[in-house]
Structures are given as C-alpha cells and as structure tokens.
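Dock chains B, C and D against the given chain A, drawing on the hints supplied.
These protein sequence lines map, in sequence, to chains A, B, C and D. Plus 23 on top of the position in the first sequence (first one is 1) and you've got this note's numbering. Plus 23 on top of the position in the second sequence (first one is 1) and you've got this note's numbering. Plus 23 on top of the position in the third sequence (first one is 1) and you've got this note's numbering. Plus 23 on top of the position in the fourth sequence (first one is 1) and you've got this note's numbering.
Hint data in this document are derived by calculation from the structure and do not stem from the laboratory. Treat the hints loosely; a few may be bogus.
[As the list claims (entries may be wrong)] Under the rule of at most 30 Å between Cα atoms (straight-line distance), these lysine-lysine pairs were calculated in the DSSO-like manner:
id: 1; chain 1: A; residue 1: Lys106; chain 2: B; residue 2: Lys56
id: 2; chain 1: C; residue 1: Lys56; chain 2: C; residue 2: Lys106
id: 3; chain 1: B; residue 1: Lys148; chain 2: A; residue 2: Lys168
id: 4; chain 1: C; residue 1: Lys79; chain 2: C; residue 2: Lys126
id: 5; chain 1: A; residue 1: Lys148; chain 2: B; residue 2: Lys106
id: 6; chain 1: A; residue 1: Lys148; chain 2: B; residue 2: Lys148
id: 7; chain 1: C; residue 1: Lys148; chain 2: C; residue 2: Lys122
id: 8; chain 1: C; residue 1: Lys148; chain 2: D; residue 2: Lys221
id: 9; chain 1: B; residue 1: Lys79; chain 2: A; residue 2: Lys168
id: 10; chain 1: A; residue 1: Lys168; chain 2: A; residue 2: Lys203
id: 11; chain 1: A; residue 1: Lys106; chain 2: B; residue 2: Lys148
id: 12; chain 1: C; residue 1: Lys148; chain 2: C; residue 2: Lys126
id: 13; chain 1: D; residue 1: Lys148; chain 2: D; residue 2: Lys221
id: 14; chain 1: B; residue 1: Lys221; chain 2: A; residue 2: Lys168
id: 15; chain 1: A; residue 1: Lys203; chain 2: A; residue 2: Lys221
id: 16; chain 1: A; residue 1: Lys56; chain 2: D; residue 2: Lys126
id: 17; chain 1: B; residue 1: Lys106; chain 2: C; residue 2: Lys235
id: 18; chain 1: A; residue 1: Lys235; chain 2: D; residue 2: Lys79
id: 19; chain 1: B; residue 1: Lys56; chain 2: B; residue 2: Lys221
id: 20; chain 1: B; residue 1: Lys126; chain 2: B; residue 2: Lys79
id: 21; chain 1: D; residue 1: Lys79; chain 2: B; residue 2: Lys206
id: 22; chain 1: C; residue 1: Lys148; chain 2: D; residue 2: Lys148
id: 23; chain 1: C; residue 1: Lys56; chain 2: C; residue 2: Lys148
id: 24; chain 1: A; residue 1: Lys203; chain 2: C; residue 2: Lys203
id: 25; chain 1: A; residue 1: Lys206; chain 2: C; residue 2: Lys203
4 protein chains.
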Amino acid sequence: MNVDLVDWMGSDESIVQAARVSSGTTGSWAANKGLINMLARDRHGSPFEAVILQFKVDVPLFVAREWFRHRIGSFNEVSGRYKVLEPVFYVPNGGRPLKQIGKPGAYTFEHGTQTQVDIVEFAHKAGAVEAWHLYQEMLDAGIAKEVARNVLPLSLYTSFYWTVNLRSAMNFLSLRWAHKDAKVPTFPLYEIEQAAVKVESYASQIAPEAMKSFNTNGRIAP
Amino acid sequence: MNVDLVDWMGSDESIVQAARVSSGTTGSWAANKGLINMLARDRHGSPFEAVILQFKVDVPLFVAREWFRHRIGSFNEVSGRYKVLEPVFYVPNGGRPLKQIGKPGAYTFEHGTQTQVDIVEFAHKAGAVEAWHLYQEMLDAGIAKEVARNVLPLSLYTSFYWTVNLRSAMNFLSLRWAHKDAKVPTFPLYEIEQAAVKVESYASQIAPEAMKSFNTNGRIAP
Amino acid sequence: MNVDLVDWMGSDESIVQAARVSSGTTGSWAANKGLINMLARDRHGSPFEAVILQFKVDVPLFVAREWFRHRIGSFNEVSGRYKVLEPVFYVPNGGRPLKQIGKPGAYTFEHGTQTQVDIVEFAHKAGAVEAWHLYQEMLDAGIAKEVARNVLPLSLYTSFYWTVNLRSAMNFLSLRWAHKDAKVPTFPLYEIEQAAVKVESYASQIAPEAMKSFNTNGRIAP
Amino acid sequence: MNVDLVDWMGSDESIVQAARVSSGTTGSWAANKGLINMLARDRHGSPFEAVILQFKVDVPLFVAREWFRHRIGSFNEVSGRYKVLEPVFYVPNGGRPLKQIGKPGAYTFEHGTQTQVDIVEFAHKAGAVEAWHLYQEMLDAGIAKEVARNVLPLSLYTSFYWTVNLRSAMNFLSLRWAHKDAKVPTFPLYEIEQAAVKVESYASQIAPEAMKSFNTNGRIAP
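Isolated chain A (complex conformation):
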C-alpha cells in the first residue's frame, strides 16, 4: 500500500489566518500555537479547512471501499471501464491478525497460527490467479473491460487521487486509526489503519501544530 502526498495548500499559518479574521487580531507565534490548540479543543473546526492535502493512494479495493465513504473530499480513481487493469493483488502478511474474537462493535483480534497464515496466503494467491485467468480469457474473447472486471476480487489493488481538507482528514484519522490518544474508541480495519498512519505522517509535516492539537485534544475532529 502506498500513500503519497502529491500536492498541498496551506500550513499552520493558514489556519491562524483563517481563524484570526473573525476577531481581527494578530499574535506572536506562541500565541498562535495557543490559538490552534484552543480551536481544536473548543471545536472551532472551519479554520482547519483552510489547509488542503492531495494524496495518491494505492490500496486494495476493500480498503478503497471504506475510504470512499468519506464524503467531504474528492476522489479520482482508476476505472475498470476505461483501462485494462493490472494484476496486483493484496496478500496479508505476517503482521495481519487473522482471528476475530467477540461480537460486532467489540471485536478483538489475534494473530493466526502458522496453518492459518498458510491457508490465508494460499487462498488469496489461488483466488487471484484464477480470477486473473478468467479476466484475461474474457478480454481475449473481445469482451468489454467493464464486464470482464466483474470477476476480479476485492484484494485487487486500485489507485486514486484524494483531495481533502485537514478537518475532513482529521475525521478520517479519528475513525481509521485506533490511536492511544483517542478519547473515543474506534475499531478500524487493520489495512486502512496502516494507510491512515501514512496520511497522518504527511499531515503532521504540513501542519504540525494543528496535528499536535488534534492529538492533545483526544483526536476528535474539531
């Protein structure tokens, strides 16, 4: 899975500028840091929309499906209607917990046994090979790409651009990373959490004080 920052607009200073228009005040950098923290704490969210991040993301379809549920932001994705897709599939690695224990809303996860790891690896690989074979067979027979792709599995990689403001990115991060500083519990999918860590790393480079205030105040999107 890749998450690359391809463009961005703004910084901590943009947040301060957007916030200070309301009061018409100016301040030292120390005061500005305090202001950013106050904005996050008291849920004055709109100044965080003054920062924009644009990512190129490569993840399996089952991760993309969760990602696209976030409606405040823009997506442009590889189309299986327009393009012959590429045979890149996700196979869980050793770090992926395989056993799900408990009930919906209160799952815990444990690592699998070696047998389970082997079964998962085999199933993902065998499924991908078989599906790719059927996809190719249909394309070779002159079938439309948009029909042939139906047989491809959710483990297939897709690529998309995601343009999102920092406030919406914070909301994504609050739900997709079970972070130790989070005031409210969340139960993200293992794979989207791995991607969220990368999103947060870039966000913290572009607007470090804003992201610090997000963590300090319990990771609730302001």
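For chains B, C and D alone, coordinates are given in the frame of chain A:
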C-alpha cells in the same frame, strides 16, 4: 437487482411550499405546476431538497462502487466485517451488451455473439464458485470474516439503504441514465442504468410534477 | 422566535434498521436501545442520517446567519429580492445577558443594569423604526426591493425551511447549546441557543432513544 | 468590494492528472486540452475538484448572505461577537440599476432617474450613520458587541476567507453571473455578479483551459 422505496418525505407540494417561502406568495395548482417547471428550468435547485427518498438497494459490488461516489446522500451497507456474506452473484443476462467499441468517453456497445455470451456466463459462474469455496475454506479455518472476504469478486451482491433528497437523486439520474430527453450526453454502466430506471420510477410516483419538469428541461439537475 | 416541525421521516426504528443492515441481525427492543447507544458512543454516525427533520424557523437575521453556516442540510428562505419584507424586529428581552466579560473563546455573560436594558431596548426600537422608514421611502419612490432592503438591520426577522438529518441536527445541537451534559465546552449565542432548545425538543419526540444516547455520550455528534 | 486570491493549489495539469488516473493514459498538451474540454462537455466533474482556490472577500452583508448559501466550500468570517466592527457601508453607485420590472423569476432592471439615485444614496448614508451611532452608544454603555451589532444594516461590509474547489467555483459562477455564454438563464443580484467577475478572473489565471471549457460548454458546472 432490486431497488425498493422504503420510506419518503414530501411531495410536489413540499417543493412548492419551500419555494414559495421566498416570495411569500400562494397559488393555484396550475400556477404551482408552472412554478415547479420554472424552478427546474432556471436551476433554483434548493426547493427540490425538501423531498427525501429512502431506498433499499441490492446490486453487485461493481454497481455499488459507482453509486457510493454520489456524496450528497446517506448510505448504510452490509458489512463483510460483521456478517458472513451470502453467495449471491451477478451473471450478465442476454440483454447485456458485451462488446465495447471506440475510445474512453465515446464508447458504443454491441451485443455479443453466442460464444461470447457463453464465455461470460462461464467465467462469472466459475469465478464465483471458486471464490466462494476459498471464502468458506478460510471461515472454516477460523479466519476473520474481514480477511476471508477479500477473495470475493466484484460480481458479489451487496445491500444498502440510500437516503437522498430529490435534487441529489436528479443528479444521480442525469448521470446514470442515458435518457432520450437528456440535453447533455452521458455514458452510464449498463447495470447502474437499469437500477436508475427503478429509482426514477419511484421518484416519479412521489413527486410527479418535479420529475416531469426534470425531463422537460433536459434532465440537468437543477 | 418560532421553530416548528413541519415534516419528518423515520424514527428510532429507522436508525436500527439502517444499522442492522450491516450485520444482518435482528433484535428485541431492549437490544435495539443498546444498539442505538453503542452507535452514538462509538461514533457510528451514518445510521442517524436515516431520520430527517423539516423545520419552519422564524428568527432574526443575525441568528439565521449562524444557522446557515451548517452545510449538511437544506435551506429555503424569504427573499428580500422577491418580497416586500414585513416589519418584525427583534428586541432583546429581560432574560438576555447584556454584558460580555473576558476574551474571545472564554467569554462569560452577565445581566445588564436597568439603564443598560433601557439603552438596548431604545436602540433596537429606534434603529428599527428609522430603517423601516427609509425602506418604505425607497419602495414608495419605485426603488427595487433588493436595493431598498439594504438599509434593514440584522435584528429583522426572517423565515426559512430547514431540512436536516438527525446526525447533522446533533452536530448543530452540540455547537449551539451549552448543555450541562456536553463533554466539550461550547459558547453559543444566547438567541440561537434558545432556538436550539426547541429543535432538540422536536428531535427528542421523533427519535427519543437516539437523542437520549446523544446526551448520555457527551453530546458529541456521532 | 474586494476579491483577492490569497492561495491556490493546482492548475490545468492537476485536472488532467486526476482525470488520466482513470484511464491510465498520458497525452500531449494538445490532447490534454481536448481532454479538459471533453470532461466539461460530458460532465465528468470530479477532476475539476483537484484545483483549489482561496479568496479573501470584502462585500456587504447582503452579498455575503447569498455567498454563504454555497455549501461546497469553506468560510471564515469576521465575527461581530468577537470584534468591534468597522464603519464601512455599501452605497450603490451610478452603475447600479434601481428599477425592478416584472415578476419574480423574470425581472428586468433599469437605471433609476436622478431623483431615485439621490433617494437611494441618502437612505443608505442616513441609515448607516444612524445605525452606527446606536451601535457606538451601546458599546459605550458597556453592552456586549454581539448585542450591539443587531442594529447594523445589511449594507455593512464584512470580510471572509473562502476556500473552494474549481468545480464548486464553476457552480457559483454559473448562478452568480448572467454571462452571455450561459446555456441556462440566471438572474443574479447585481452586486454578487460584480464579485463573481473577479472570482472568474482569478480562476481563469489558475486554470485557463478549464475555464475556457466551462465557457465553451455553456457554463453549466460539470
């Protein structure tokens, strides 16, 4: 594919009521019909947001993926993390054009030969059977549902609730149905167009004058 | 200020129905109440979007300006371009605290002295009378409504329809009511808080368990 | 009225990049120009969301009220709760048509007589002076800013930051400028149209081909 209307709020009268608050006027039913037409014609879109439709939709994943790109509206979907999925898969029927001719943005479609129909049917069925077998195998080995489902194909059916206002539904319909009355050309996926026809049928029952005005004015969402 | 519920769709049951599609389960009413609470606690927000409320609201312009900042929802408002406006103006009553103490983000308010109450009442009334006189004078001289209305003050009443889902309404309530159960402090304008109390009263009639869970879990919109 | 571009992200190239991820193709600059035109023509709107514009806007309150109805975008505005406002008021100049002829939805405008121009100027100035006097009087008596500002008129200037993607900006422009190339008629307020002209001028500098395609294709937001 099923599209069922499960709840709704409002009617043509709600649109008139929302629109007339701006001018403080009242009118006969004939005048109200003219008003609705004027609203659609001159792109006064917000009154059409006073009508809400709620659908239960059963479609393959590749159709749901397009549907969920529509951000003005609400979705609740079957979760492969929480639920053992059911073995219901899409197999294109005879009506589905199989040959894609031309370039992206200017495709035309033609019906397949009998051999092509057979290949498509075989590939969809064989792919589904194999994937389902691997899914079951992983579940039997105690693998988490959210891992096992990765091998399932895009032809798998999913179910979701969709709550949408009429204006956003019109936008969906303008893009997902290549209708003869459309002023602007559109190239929807065959399967989502079939579902869109059902959406429009319900919308036309709930707000007939509004949907008439949508058609009369070139099917551009106001 | 009036806030009237003019239409609605759904109930606590709609929230349960939308949520249970994900797991494919059913449950007793006791279980459903627990489910709603879990949804609010763990910020599974989308099922709360299955309930829609439609209000008719009459408030001064300075309140409407705050209200219209809430972007998830639909508005239709009286237009000063299309309609000769009516001379209804807000004058703060005795309950309105008049003294603002402290700094932005940390204000406290106190009641005014009798002199202050008198000054405020006089200024609001004198300003309204003078502005209304100028408005009439321009209309009498054949000036367009949309030009004449420029002289009217922010204390002028306006009317609008607001169609909003319950999740977005919860967000409004979390910011516009400094409620004792709120986990995060908020500093709403006195007048919009009075209106928010009425919004919450209706929401609690339509979806009582959902609103109870909102309060129990610290009034953070899920 | 001022409209200044304070920051931006992207260009025509960003639109091409976002669009081409779907087909996985590359192209010459000539081909890219054709692609942008095709995107606008066939309403492939999402690539236009890859460009972000951030404006600082100074307009009267009655213009800001229309502007804030555009929900896809971000606003941060001067707050009359936090700041003592400044006495800057709008007075229509000679170019402002003063006579409104016809019915809602079909108005035409004509220039006023000299008497009408004088009446409008007098009313705007007298109203502003009187309102400002009452505002000051309340502030001097120790009344909270958020109460005192109620008496100020809609002609008062406000300032805000507006962060908006190019697609949403196109929608704004399609509704707020009665442009000769528009396929669908629109009846914007004179003052917001003047501001829209400035918005478009900046947009055309940042993404000239995109804005050309917007005009060529009838100024319907894609």
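What are the numbers of the hints the structure violates, in ascending order? When the structure is compared with the hints, numbers 1, 2, 4, 8, 10, 16, 20, 21 and 23 turn out to be violated.
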